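Let chain A serve as the given structure and place chains B, C and D on it in line with the hints.
There are 4 protein chains.
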Amino acid sequence: MPPAHPFDDTMLDDGDTLHEECGIFGIVGVANAASFVALGLHALQHRGQEAGGIVVHDPEQGFNNARRFGYVRDNFTDPATMATLPGPIGIGHVRYSTAGSKGATAIRDVQPFFGEFSMGGAAIAHNGNITNADALRRELIERGSIFQSSSDSECIIHLMARSLQRSIPDRMEDALRRVEGAFSVVAMTRTKLIGVRDPLGVRPLVIGRIGEDGWVLASETCALDIVGAEFLREVEPGEMVVITPAGIDSRHPFRPSRPRFCIFEHVYFSRPDSILGGRSVYETREAIGRELAKESPVEADLVCPVPDSGTPAAIGYSLESGIPYAMGIIRNQYMGRTFIEPTEQIRNMGVRLKLNVNRALIRGKRVILVDDSVVRGTTSRKIKEMILDAGAKEVHFRIASPPTAWPCFYGVDTPQREKLLAATMSEDEMRDHLAVDSLKFISLDGLYRAVGEAKGRNPKAPQYCDACFSGEYPVEPSDQIEKGFTLKAAE
Amino acid sequence: MPPAHPFDDTMLDDGDTLHEECGIFGIVGVANAASFVALGLHALQHRGQEAGGIVVHDPEQGFNNARRFGYVRDNFTDPATMATLPGPIGIGHVRYSTAGSKGATAIRDVQPFFGEFSMGGAAIAHNGNITNADALRRELIERGSIFQSSSDSECIIHLMARSLQRSIPDRMEDALRRVEGAFSVVAMTRTKLIGVRDPLGVRPLVIGRIGEDGWVLASETCALDIVGAEFLREVEPGEMVVITPAGIDSRHPFRPSRPRFCIFEHVYFSRPDSILGGRSVYETREAIGRELAKESPVEADLVCPVPDSGTPAAIGYSLESGIPYAMGIIRNQYMGRTFIEPTEQIRNMGVRLKLNVNRALIRGKRVILVDDSVVRGTTSRKIKEMILDAGAKEVHFRIASPPTAWPCFYGVDTPQREKLLAATMSEDEMRDHLAVDSLKFISLDGLYRAVGEAKGRNPKAPQYCDACFSGEYPVEPSDQIEKGFTLKAAE
Amino acid sequence: MPPAHPFDDTMLDDGDTLHEECGIFGIVGVANAASFVALGLHALQHRGQEAGGIVVHDPEQGFNNARRFGYVRDNFTDPATMATLPGPIGIGHVRYSTAGSKGATAIRDVQPFFGEFSMGGAAIAHNGNITNADALRRELIERGSIFQSSSDSECIIHLMARSLQRSIPDRMEDALRRVEGAFSVVAMTRTKLIGVRDPLGVRPLVIGRIGEDGWVLASETCALDIVGAEFLREVEPGEMVVITPAGIDSRHPFRPSRPRFCIFEHVYFSRPDSILGGRSVYETREAIGRELAKESPVEADLVCPVPDSGTPAAIGYSLESGIPYAMGIIRNQYMGRTFIEPTEQIRNMGVRLKLNVNRALIRGKRVILVDDSVVRGTTSRKIKEMILDAGAKEVHFRIASPPTAWPCFYGVDTPQREKLLAATMSEDEMRDHLAVDSLKFISLDGLYRAVGEAKGRNPKAPQYCDACFSGEYPVEPSDQIEKGFTLKAAE
Amino acid sequence: MPPAHPFDDTMLDDGDTLHEECGIFGIVGVANAASFVALGLHALQHRGQEAGGIVVHDPEQGFNNARRFGYVRDNFTDPATMATLPGPIGIGHVRYSTAGSKGATAIRDVQPFFGEFSMGGAAIAHNGNITNADALRRELIERGSIFQSSSDSECIIHLMARSLQRSIPDRMEDALRRVEGAFSVVAMTRTKLIGVRDPLGVRPLVIGRIGEDGWVLASETCALDIVGAEFLREVEPGEMVVITPAGIDSRHPFRPSRPRFCIFEHVYFSRPDSILGGRSVYETREAIGRELAKESPVEADLVCPVPDSGTPAAIGYSLESGIPYAMGIIRNQYMGRTFIEPTEQIRNMGVRLKLNVNRALIRGKRVILVDDSVVRGTTSRKIKEMILDAGAKEVHFRIASPPTAWPCFYGVDTPQREKLLAATMSEDEMRDHLAVDSLKFISLDGLYRAVGEAKGRNPKAPQYCDACFSGEYPVEPSDQIEKGFTLKAAE
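Chains as they are written, first to last, in this note's numbering: chain A, 78 to 568; chain B, 78 to 568; chain C, 78 to 568; chain D, 78 to 568.
For reference, chain A alone in the conformation it holds in the complex (with noise of 0.2 Å):
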């Protein structure tokens, strides 16, 4: 197993970022639809940098699929692998590793996963996480099942080997009413490309066309810019689409609810460039420092983001402030995921191999800092640190999201509760344990404000899943309360 890298962007916070788990992305009616899958999948690599895959299926050749670690720039752009790839239908997956099997992934675990049925082959590509998981992958050993990964995904297949229904769709249906949690799906049959998003819609999921038969599924808008689609709409909560290059089958398999889109989405995993509910991401989050701005003022000579994400908040905290924006800490554009085994020496850098101040412009400078979220605060200390070595006369933190204090369930890698600063810390504690000037977080409700609810969070009935904020989870992680999670205790 390799182990991590300390030149690697994602290893520098010892978990103190918050990781999307996965990108999906399918297509059909194109000529060479793996090149598609391999444009859309880099256009999504933020969502998931450990490893992709690709199953095609062309009428001569059969199912393909290649599956690998790293990134889709290094993997699919050869013409070696892409020539093992024909054919006009696609879907492709890139992935994180959950926090428990860092480094430990098989290449099974690699998705798309594929099922050879009676009626022919299916591929299905995840993402969200199944939190009825372990119970269902008990019952299928039991029944008979040979498991080959170790992905709850893999129970998906299993289901739908063991359905009575006929067609794959069907099947499909039957298998994803057993599955609980949060839920976007692509999959593929020899001729139909399959997109469905659990009831409450957490994880996004949207259509695009392309040329005169061509259709395109996809985590972002992002991704059909660089193929060229153009944007359509999104699959609704609760809905399955069925697609062929004569159109789209639209089904709603599950009892209807209210939906629950991911908030987080709008603050950190989505790229800024794509369209969330008709605006861009980039606006929103400008929004959110606008916000921040009015929420918590302070006086300072320079706003600064913590890139990259950070950014566009902090533009938003500027324009609204009219305190100058600036590139106070530099990043190293030349960071990377590898897997080579640093000296000690260099492992110790930590956050200096990556980002550096820019003494000459911070000494002597009352300095806004604005970040997108804390999540252990081992890298914002390392920053303040760095920022104070520099010569800043003052340190203040502005975070463009409200203390995440619980952890996520529905396919975001965060760490265990009680290592949260949020979970054990209020506010001032943590600005003390920072040791900074001040440190304000969003509200809620200045968060909700900022992404187009007028009125804020309708604490009866919030219009978005929130739980790592709130402790709220709209569907109850079964397999992990049996596990030992406790959750919030009723107000």
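These aren't lab readings, by the way, just hints derived from the structure by calculation.
You can't tell identical chains apart in this list, so a pair holds if it fits in one copy or across any two.
The calculated lysine-lysine pairs, modelled on DSSO-like cross-linking and capped at a C-alpha distance of 30 Å, are:
| # | residue 1 | residue 2 |
| --- | --- | --- |
| 1 | K470 | K517 |
| 2 | K442 | K532 |
| 3 | K517 | K459 |
| 4 | K560 | K537 |
| 5 | K565 | K532 |
| 6 | K442 | K371 |
All values derive from a computational prediction rather than experimental measurement.
Relative to chain A, chains B, C and D alone:
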């Protein structure tokens, strides 16, 4: 020979950017010098990404070296490699290949170069370009030297081998007096770290202190920051420093000249967090943006940088003009430099693989795009098209440097003169060629003001090397003239 | 998919040799079982060179496995890999791909296979061929099993998963009673090592003792020698042994049959230093040569083996006939199995890359060439040409097996029947086709005598499986018949 | 530096074999010379397995080269590499590292070496050893040459660079007259293929013809066979041939000497199918075995070779003595040379990884083991133990060369004198040390007779170089004497 890769940033522009060819770093008086060299080179990676090398010396194990293609982070971080590089003194080098030999570089062309003399070995690494290298090479071969590389820098080692002087520093003085052009050099013997800048000081080189006995030489101050060294001073133009843990011996082997530092280091090459002339490069670039806004104002809704190099100037333009700054173009973080042959389909994607327009933000807006320079104009054209496709109402280009009309022969990889857009077109012609609403370059005087020359450029005795803008070459490019290059006619 | 390589022994013959498809090895009751498995597989490498796999179990670290393409020596010797394979029990497998999927094997087809059952995990490796695998697979898919490989052997794991029995050995009995064909199996649970031979005992499997508590199962005794184990006995046809450090539990799950061991193991597959039936395979082959000399004498100057498999029979022929033995053909020791695409020019070299005639020795001589078998005849033809080119006066082929006229369906990779030279030609026609002075095969009775059956073959109840020579298949090849294979008409 | 590998044949003996250090090959006048060079080097792989290199010249693409660690079959067969080596003329080299630098060789030490002179480039490859290389190197460095490798052979290129002659062949004559020792050289200019043997002709070099205009130079005739070239003649001792498609220009640059070809080439180094002195090496070795049987008969049941090098002599011993020849020791065909670090457990397996005794055959027998030589005696001891463990009644060693009591300084990798068993023990002492029933070496006269000198060795003017047996060095090993080596006292 590996073909270029479309996911590689450096290839998307078809030579439409300028590349610094090298970064150099040296250290003496520390335990495990190689780890520091690796970190320093990582911080200088923007100056050269094709290959890197490290040479060290240990009293017991003698000289050792490792030279590799690819990023520092991928080659010089694992304990297995670093264990082969023991000792308290070392130098390193990162390089670009020159335009002509793109991709054709053999590992034997990767610096540092090493030579065994009768009084012991020496290694040398070089940033810049020797303008009489061809003539020197012919002369040395005639006398019986065997060249092992196609690199101009190897001349220095052969000149040293033939010097009649007794010590290695004296031989280096001897050799460098035969060399013409722009060069910053770091070199090492078994015990001495040596740094030299050419008489005009075209390329940068700074000195830092680390710990009790440690000394560092580096192309830029950002490489001092990463190893925790304190910035002491620049090596002066025409100075040679011979450093041991005991201190610096400063020599001046060349006839005194007026300095002519490369002004493009301020505009583009150096990292924004490096310090040049007492100010951060970031601040200088912000000043360039302010100067541009004064010289070439225009009514618009947004000021957007062409990421990432246009960012500081765009911020400056916004601050001066009051027009809001916004990220209208989003850069994919997962581009890279790999050596895989892409499919034709992907190759044709071009800049779309790297940049995406923030469509929802741009639609219906009048947009000012700030870029650092225009070389061939191919990228500018594609970006303009992307912005218009996204529905922008107007596109105004503002360029943070004067028109680049002449090639650099001092260590920067530029296209031949006829490929430079500004060599054949006036500003208005370029505007029409790019089909934008307006296009304005900063004036040469404006640029001089922004870098701190309040009265602008002194045409009788320019304070900087600005040959790429002015065609006035401070050192005659004799090899080039022999190959047919025509100097600007005296006016 | 990597193309075949011309420097690869296995490719030079265009399918003109027979390949054993697998070697298996298991061990329990030793520290660091994986190292022993690696050594055992190395000794069995001649039985399969395409890929290998090892599964081990450790009380603390559970099951671990590694499966790789290529040689054991290249994959299972470094401490990094071996450190991932801890524990006192393990099994392993080396394999050939079958003719159809040559080079197309995915890593998921590499054994051992692993299955998680409700009572714990089990791993299984298999040598032989399941003749009703297609039918079993269809049935299992119909019932909802998801196959992960294209290997027939995966059926066994799925049958076990669906068994109603409570223990893993009982489930294995259950599963194997559904399986038809020839198979030797090694399997393991967390604590038990299991070995099985099919009722006819077509493929070999032996038991050894090592140290105080250690037990070994292996395809051949040469794998006992390399780990220093003592040869105890063969697993009997139809026997299942369930082994713990405490001892062997012997079961007999199948209806009793008369054994039909593969006679070709004596001729070619087994290593000459292995013991079969109390005698070294080398001695049996020498006896075959003596028998050949008696049956088909000829006047000549030299007896030369076709290296290396013809060597023992050639020695026997020489000893019996008194004609001097000599190495008339020299084999290049540096052939190998690599996965690089050759140039066309090199591909055309064919057998000359591997074999060279000892020209000075051969010139003017009457040469007897002894080879183990004739499959397609292409290699024999090339060798004859090389010998004549070198100036031999006469060339006489003597073949240490009867004409191979029928394909093997019990775990040996043979061409389709119509590609077998002996399927379409008589001995005399083959002699004319190869254009040699004489060509003689050993008789089937002669072969039986050489392996120790003094009275030759019992036509009513043959003592061995000799289907490849006689067309009499002891187990009906039902999948093949379904695909159109025609059995020999009853006479 | 990769550590040695226990599955590597060359490591099992702890330096207990002698290694030829190089094989050389050159060709001119064919299309695609590089493919022929690769084939020729493949046939010469037994002369050096650590690394190989090829240099070619094409009128349009100039000189190109590729140098790699590992086998020819792995490095010089894929079209990608071969496409970088165009042109009708080329030379190549395979090498062993010398004992001192085992594994430490840098790629820059891999031949051929290349030098650019004012009249054009030349490449050179060398088999042998320059006995005054240290002195030459010091002199050349003093004069200003920069050495790039630690190889002695680089001296030749530097001497050529400094020659006052006008043409490359003349410069090579000039250079080689300064060189002492044993050397066979192939070299090339843009149009000429050059071959040279030292005045004593210690190392072999042969000339072949191919096609209309093609000429080949190779260390042995087996490399002519593989490319389909016809053996013309040997390059004579002291001869230089300068070859173009038009023909051979033969020169004699050195003072005439009496030839002293290496007698060990007959015993061990050359391939058995090569022709030396008009007879196959195989036949000579068979004759050595016959001679041994005459000199040292013994009653026994079997004559067994130590594989593979003892095989021809064992056959000869059997033929002369009438004792049956048998393969009592079986060699694993799947050993190799890879660069993976083994586990300690595997490392300790030693020779058992490579050789296994044919237990069933050996039990209770009196066995004569025929080996080519005894170096340190460690392998002989292990083999004896294996044979006795298998139950042999008596073990008699017969060695196909006289006691090796002196190191070779002419291009063979031998241990230091004190490590040679025969340097410190008499034949009887060695027998007792190895604890065998008898041990006999062939006499020096017997060896001379077997190679065709009917009257045996002429002690006044020995016909061969036999320094390793006699201690009589035909060229003074001056570098070694300077390092402290003591010549045999005159008797």
